[in-house]
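Number of protein chains: 2
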Amino acid sequence: MAASEQLVEQLRRRVRELEEELGRGEGGRRARIEQMSPEVTDSNPYSRLMALKRMGIVKDYEKIRSFAVAVVGVGGVGSVTAEMLTRCGIGKLLLFDYDKVELANMNRLFFQPHQAGLSKVQAAEHTLRNINPDVQFEVHNYNITTVDNFQHFMDRISNGGLEEGKPIDLVLSCVDNFEARMAINTACNELGQIWMESGVSENAVSGHIQLIIPGESACFACAPPLVVAANIDEKTLKREGVCAASLPTTMGVVAGLLVQNVLKYLLNFGTVSFYLGYNAMQDFFPSMTMKPNPQCDDRNCRHQQEEYKKKAAENPKVEVIEQEEEIVHEENDWGIELVSEVSEEELKAASGPVLDLPEGITMAYTIPNKVEENAVTGETVPESEESLEELMAKMKSI
Amino acid sequence: MAASEQLVEQLRRRVRELEEELGRGEGGRRARIEQMSPEVTDSNPYSRLMALKRMGIVKDYEKIRSFAVAVVGVGGVGSVTAEMLTRCGIGKLLLFDYDKVELANMNRLFFQPHQAGLSKVQAAEHTLRNINPDVQFEVHNYNITTVDNFQHFMDRISNGGLEEGKPIDLVLSCVDNFEARMAINTACNELGQIWMESGVSENAVSGHIQLIIPGESACFACAPPLVVAANIDEKTLKREGVCAASLPTTMGVVAGLLVQNVLKYLLNFGTVSFYLGYNAMQDFFPSMTMKPNPQCDDRNCRHQQEEYKKKAAENPKVEVIEQEEEIVHEENDWGIELVSEVSEEELKAASGPVLDLPEGITMAYTIPNKVEENAVTGETVPESEESLEELMAKMKSI
Numbered sequence: 372m373a374a375s376e377q378l379v380e381q382l383r384r385r386v387r388e389l390e391e392e393l394g395r396g397e398g399g400r401r402a403r404i405e406q407m408s409p410e411v412t413d414s415n416p417y418s419r420l421m422a423l424k425r426m427g428i429v430k431d432y433e434k435i436r437s438f439a440v441a442v443v444g445v446g447g448v449g450s451v452t453a454e455m456l457t458r459c460g461i462g463k464l465l466l467f468d469y470d471k472v473e474l475a476n477m478n479r480l481f482f483q484p485h486q487a488g489l490s491k492v493q494a495a496e497h498t499l500r501n502i503n504p505d506v507q508f509e510v511h512n513y514n515i516t517t518v519d520n521f522q523h524f525m526d527r528i529s530n531g532g533l534e535e536g537k538p539i540d541l542v543l544s545c546v547d548n549f550e551a552r553m554a555i556n557t558a559c560n561e562l563g564q565i566w567m568e569s570g571v572s573e574n575a576v577s578g579h580i581q582l583i584i585p586g587e588s589a590c591f592a593c594a595p596p597l598v599v600a601a602n603i604d605e606k607t608l609k610r611e612g613v614c615a616a617s618l619p620t621t622m623g624v625v626a627g628l629l630v631q632n633v634l635k636y637l638l639n640f641g642t643v644s645f646y647l648g649y650n651a652m653q654d655f656f657p658s659m660t661m662k663p664n665p666q667c668d669d670r671n672c673r674h675q676q677e678e679y680k681k682k683a684a685e686n687p688k689v690e691v692i693e694q695e696e697e698i699v700h701e702e703n704d705w706g707i708e709l710v711s712e713v714s715e716e717e718l719k720a721a722s723g724p725v726l727d728l729p730e731g732i733t734m735a736y737t738i739p740n741k742v743e744e745n746a747v748t749g750e751t752v753p754e755s756e757e758s759l760e761e762l763m764a765k766m767k768s769i
Numbered sequence: 372m373a374a375s376e377q378l379v380e381q382l383r384r385r386v387r388e389l390e391e392e393l394g395r396g397e398g399g400r401r402a403r404i405e406q407m408s409p410e411v412t413d414s415n416p417y418s419r420l421m422a423l424k425r426m427g428i429v430k431d432y433e434k435i436r437s438f439a440v441a442v443v444g445v446g447g448v449g450s451v452t453a454e455m456l457t458r459c460g461i462g463k464l465l466l467f468d469y470d471k472v473e474l475a476n477m478n479r480l481f482f483q484p485h486q487a488g489l490s491k492v493q494a495a496e497h498t499l500r501n502i503n504p505d506v507q508f509e510v511h512n513y514n515i516t517t518v519d520n521f522q523h524f525m526d527r528i529s530n531g532g533l534e535e536g537k538p539i540d541l542v543l544s545c546v547d548n549f550e551a552r553m554a555i556n557t558a559c560n561e562l563g564q565i566w567m568e569s570g571v572s573e574n575a576v577s578g579h580i581q582l583i584i585p586g587e588s589a590c591f592a593c594a595p596p597l598v599v600a601a602n603i604d605e606k607t608l609k610r611e612g613v614c615a616a617s618l619p620t621t622m623g624v625v626a627g628l629l630v631q632n633v634l635k636y637l638l639n640f641g642t643v644s645f646y647l648g649y650n651a652m653q654d655f656f657p658s659m660t661m662k663p664n665p666q667c668d669d670r671n672c673r674h675q676q677e678e679y680k681k682k683a684a685e686n687p688k689v690e691v692i693e694q695e696e697e698i699v700h701e702e703n704d705w706g707i708e709l710v711s712e713v714s715e716e717e718l719k720a721a722s723g724p725v726l727d728l729p730e731g732i733t734m735a736y737t738i739p740n741k742v743e744e745n746a747v748t749g750e751t752v753p754e755s756e757e758s759l760e761e762l763m764a765k766m767k768s769i
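So the protein lines, in turn, are chains F and P. For any residue, its number in our numbering is found by taking its place in the first sequence, counting from 1, and adding 371. For any residue, its number in our numbering is found by taking its place in the second sequence, counting from 1, and adding 371.
Careful, some of the hints might be misleading.
Which copy is meant is left open, because identical chains are indistinguishable; a pair holds if it fits in one copy or across any two.
Here are the simulated lysine to aspartate or glutamate pairs, DMTMM-like style, with alpha carbons at most 20 Å apart [said to hold, decoys possible]:
1) Lys537 to Asp526
2) Lys471 to Glu376
3) Lys434 to Glu534
4) Lys537 to Glu388
5) Lys471 to Asp413
Bear in mind the hints are in silico, worked out from the structure with no lab data behind them.
My request is simple: use the sequences and hints to build the entire structure.
Okay, here's the thing in structure tokens:
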């Protein structure tokens, strides 16, 4: 009977689904695919990616399989980043996180309620392997900022490539705190490892991505964000009963922009962005390029700058960050240069309301503004008392 | 048959066994939550969303539960759109699609290999219900463009609200073809239903979102996209062994921008965008506002324009699309007005390579360019022979 056949099929599917959740058997896993094919069939998971070649966007899409990428922080941005890279067929993914999945994470994409209680890297590895068994996974359930783990983290950057003993190709920072970002920065400066930074604001309505090439572009210590915990342990800043806001939209957009930049960088198409911001309140997207700070606190950064200069002198073909459109603020001791079509006016208009933050903390890109803003009707935001220069001066004095 | 009954019984037992092992009755589903709480605990899935109130971004986040939204097309953009709205705790989601999940869809987010063969709406409903059982789901596994289905689709827009018999609040178009977009446009013009359009280009590296308020902003027929199938049945254009390229990054970004616009519109924060483009090659994001075309082919659109003018005359407080920064092309018979910081130069630079398209088809926003572009090194793209005006004239002559 057709009806009972349908029922059997339904039940079989449910069994596969449940087995999958339990991490068993080969559930509904597809077989591994030895070679990416452009063949247009319903069963080919790579047809839409290989079509990028026919469309003239990417010359050699298969090359994606030769890269190993580390994702540090598997939260709202990192998990989606890992999923996108997995679906694109990246060669190897290394995941670092020490957190557990909670129901409180369900307002972001990727994790599901039945995974609550599992470690994020374990839950992510299970889901991602099912999605694409062609990807190699290596997961580390630890905090990279402790002394021992930091050494191990450095070792995996140097030796965790597609072929053991070779370095990985790119590190992606998807962490949610200053300390972890500084740890990644320190490691990458010492190893000369190219990496990309990402972040989402506490009020959930802005974010950014950034490409850091040690010695060539500003490192995280060259130009720290305006939100800095000035000699205060970040952990002590967390207030009882208070948490940051987050949205699946903002985090999805930031992950999308990040992985797009990764694909452009690895597969050599389009223009790779050094810095790209996203402000959801006004839908504006500032971009800029920052040169490294010769007085950077990180001696490895200063060393990389010397090396880069030497290389550039020896080989004039080495690309130098473009300077055509640079607007240099003369009174700017940080050497920060903006290349952006966004005016300061727009920057101000795009800021969300200002929070009551603990002493020593300033919001990134938010200009204090006491008048209630009614952005939906398009009213402009009144001028604030502080200029970008004043904020930078404040930052420097910290 | 006794044999198949036995098999069904066996499979049922296996399902119960596995469910028990996973510690559930309802398949890992969390209990329903009667009231959204701002309480900061690991088990509260709404704490990070309710924090938007404390951050001063949204006044009344709980209002999200009072809205019903339809998502037409549950593919690369629609599935992620539905997931984001589900995780945000929308009141009701209506899903429309007639396609099946295939392994060939695995290069986009959301669907998993074990769902291959299921209808997209059925697979999506199952996953989304597990993620958030507080959301009401209504799914329709049909093609909205057939005569009967179209009537039913119209009926669900009018009566499928949170309370049966009331209209829904917003229709989101996440379809991948011109015919389905025109069907949504026709329905929304007739009903005066506000909707948002979304789209991703065939070469996977650009996309857009658009808010359409019948009578107030341009409808889909007022200013059809530059990619149009001129009196040719779209289906006949599909070539054997050829498929469009797609990327999880571009589709994730477009879904994120779309749902962000939905949240801003429904919850009344930030500036709602009428049109926002995303071009991945150069990371640029054109925005503009288009007034309706008084000569629109859709008589319901012309009727809505009359109604809107009447309302605006009666009540001068009715918001009119802002015109401050408008750049009107005088020779533009379409009445299209651009509000954008993006120059034509940038538009050209951001276009991907040009495809060999069938006769009668033109690429959206791609200016023909014979010289191979090397975007990674930042070379500018040479001037093309055709201006935006010329393209518009061509479009009109179709």
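Each hint, compared with the structure:
1. Lys537 to Asp526: Result: close within a single copy only, 10 Å intra versus 61 Å inter.
2. Lys471 to Glu376: Answer is between: at 19 Å across copies they meet the 20 Å cutoff, but 28 Å inside does not.
3. Lys434 to Glu534: Within one copy only: 15 Å inside, 52 Å across.
4. Lys537 to Glu388: For Lys537 and Glu388, the Cα distance exceeds 20 Å both inside one copy (37 Å) and across copies (36 Å).
5. Lys471 to Asp413: Between copies only: 10 Å across, 36 Å inside.
Hint compliance for this structure: hint 4 is the single one not met.
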